[in-house]
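Line by line, the protein sequences give chains A and B.
When we follow the numbering used here, the leftmost residue of the first sequence carries the number 3, and every step to the right adds one.
When we follow the numbering used here, the leftmost residue of the second sequence carries the number 3, and every step to the right adds one.
Possibly wrong hints are sitting among the right ones.
Claimed, not checked - Restraint ranges, calculated between C-beta atoms of paired labels, are given here:
hint: 1; chain 1: B; residue 1: Y175; chain 2: A; residue 2: E156; range: 39 to 45 Å
hint: 2; chain 1: B; residue 1: Y175; chain 2: A; residue 2: P140; range: 15 to 21 Å
hint: 3; chain 1: B; residue 1: S12; chain 2: A; residue 2: Q158; range: 31 to 37 Å
hint: 4; chain 1: A; residue 1: G97; chain 2: B; residue 2: G229; range: 51 to 57 Å
hint: 5; chain 1: A; residue 1: K57; chain 2: B; residue 2: E301; range: 26 to 32 Å
hint: 6; chain 1: B; residue 1: Y153; chain 2: A; residue 2: E167; range: 51 to 57 Å
hint: 7; chain 1: B; residue 1: S12; chain 2: A; residue 2: E156; range: 36 to 42 Å
hint: 8; chain 1: A; residue 1: K137; chain 2: B; residue 2: G288; range: 17 to 23 Å
hint: 9; chain 1: A; residue 1: G266; chain 2: B; residue 2: G270; range: 35 to 41 Å
hint: 10; chain 1: A; residue 1: T300; chain 2: B; residue 2: L87; range: 38 to 44 Å
hint: 11; chain 1: B; residue 1: P76; chain 2: A; residue 2: P152; range: 47 to 53 Å
hint: 12; chain 1: A; residue 1: G77; chain 2: B; residue 2: G155; range: 29 to 35 Å
In short, the hints are calculated from the structure, not lab data.
Here the structure is a predicted model, which means the values were calculated and not measured.
Note that the Cβ used here is the ideal one computed from N, Cα and C, for glycine as well.
Number of protein chains: 2
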Amino acid sequence: MTKTYPNRVSIFEVGARDGLQNEKAVTTADKLTLIDQLSAAGLTRIEAGSFVSPKWVPQMADSGDIFRQLSKRPGVVYSALTPNLKGLELALDAGADEVAIFGAASQSFSQRNINCSIEESIERFIPVMEAAQAKQIPVRGYVSCVLGCPYEGEIQVEEVARVAEILYKMGCYEISLGDTIGVGTPLNARRMVEAVAHRVPVEKLALHFHDTYGQALANILACLETGVSVIDSSVAGLGGCPYAKGASGNLATEDLVYMLHGMGIETGIDLNALIEAGNNISQALGRVSGAKVARALTE
Amino acid sequence: MTKTYPNRVSIFEVGARDGLQNEKAVTTADKLTLIDQLSAAGLTRIEAGSFVSPKWVPQMADSGDIFRQLSKRPGVVYSALTPNLKGLELALDAGADEVAIFGAASQSFSQRNINCSIEESIERFIPVMEAAQAKQIPVRGYVSCVLGCPYEGEIQVEEVARVAEILYKMGCYEISLGDTIGVGTPLNARRMVEAVAHRVPVEKLALHFHDTYGQALANILACLETGVSVIDSSVAGLGGCPYAKGASGNLATEDLVYMLHGMGIETGIDLNALIEAGNNISQALGRVSGAKVARALTE
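Could you put together the complete structure from these sequences and hints?
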């Protein structure tokens, strides 16, 4: 059987944001070291912080300092999560290269996570999008709960495709499809991506699959056959403690890179340098890395 | 793209042997509880012990007692690892339904693991095979290092196919292909299975992939397309502590079953009962389960 995989995959590193916002707080210095080591390892797309209320996410309260103090490496894009216009202004003041907005494919999740319906959330994004576009700042769109919702269970792929298309048509340059609770399996993951690809060009899609049920890498493998070639992951599996019950569980970038390189797919990443970056931040958190590859290759 | 997956996968549960031989010792009573709960959860092929020298593997010293004391459930096959004629005799005396012999696809691994060349190991299996066949006891064959060797690195697929064919022609009813150090990735795993399937009928092959690098489930997904439909795994990921450095890392049966059921592939296993069995033995070991599915679904 002949199958086509992309020659190259672009990895969008979310450890410093989606990862660390779900961990105990680390110092600004440790975050800056992490971000610097990630870019040195060859990552060119790094989500470095989030401009949400520090009341909600105290771990991200220093995002302004992070963006101001990080040493920008040429060719690297440093991205910020910005839920609203105020967040956008703070992010741009601090020097973010790119921002992201986040919607959901589940009404119940939208209500409980950002306290409004899907439609209301999209209304709120309009001024953010307009302000970003006025300054020629690229906007990435996240869609959460694409393979299941903690409140509603199964989510219809048509609903995922509908929300993805709205964000794309609003002007998001890329739509990241999030299996927020990690419940997907390979065939339903691929069916979902195929359905979305009927509405948004597949080269504008990214996968953001959590590993809560250990399925993320298998799901990515299945989806790579659709032509999608952008994947979000988190160095050291930051965001999910490897030995906690019910940990949220980001996919470890190291394990993803190992698979891709083993398949002959380029990433531009130096795996050993990546492992070192992940081991350093894991040490700062006082635990072993959540990346199996890192544990296997570290003496 | 249309792909064919098996409708049903047969899981060969190795936790009580390949798992527990790599953990600290647990009591005979805890092992018996585990084996009973595994069969109650629907597993019909259970490796329950190993008749090797207790000097080498003290964790398996009570294998005779295990086989004598376990409550056999109708339709369940209880298997024993038997490296030599003495081991076979002990296993049959104790009441094992089936035995297994283990060869390697790597000369260096064979030398260091069982202290002889591949050819010498096969010579030694002949009397074991003859004695088993005389008593109509099925013999399973393991081939280790099929995707890489800790001493030699890469292993040629032709060598894997050659050793697998020898064991099959000797009379093994099934050949389990072991990625002993878990280094494989999806495309080389599938190529290896395809190469072996030219020499041994694919319905006589099993996959025994370790998760040391986090790749096992993705590798299995890729190999399921070849028609292989028997998979070895270890409840709770026994045999690899989830938070140890360089843990050997068996694939957790729970995570495998979750993927297969999500793909509409039958296993005959009750996932909740399996999780409970895994959580109980993990508790006996004083640690959390190595199965992500178990951690996600356990309150």
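Structure-based check of all given hints:
1. Y175/B <-> E156/A: 39 to 45 Å: holds (41 Å)
2. Y175/B <-> P140/A: 15 to 21 Å: With Cβ atoms ~59 Å apart, the hint is violated.
3. S12/B <-> Q158/A: 31 to 37 Å: holds (33 Å)
4. G97/A <-> G229/B: 51 to 57 Å: holds (55 Å)
5. K57/A <-> E301/B: 26 to 32 Å: holds (28 Å)
6. Y153/B <-> E167/A: 51 to 57 Å: With Cβ atoms ~53 Å apart, the hint holds.
7. S12/B <-> E156/A: 36 to 42 Å: 28 Å Cβ-Cβ, so the 36 to 42 Å window is violated.
8. K137/A <-> G288/B: 17 to 23 Å: Once the Cβ atoms are compared, 56 Å apart, the range 17 to 23 Å for G288/B and K137/A is violated.
9. G266/A <-> G270/B: 35 to 41 Å: holds (37 Å)
10. T300/A <-> L87/B: 38 to 44 Å: Holds, since T300/A and L87/B (Cβ atoms, about 42 Å apart) stay within the stated range.
11. P76/B <-> P152/A: 47 to 53 Å: With a Cβ separation near 40 Å, P76/B and P152/A fall outside 47 to 53 Å, so the hint is violated.
12. G77/A <-> G155/B: 29 to 35 Å: holds (34 Å)
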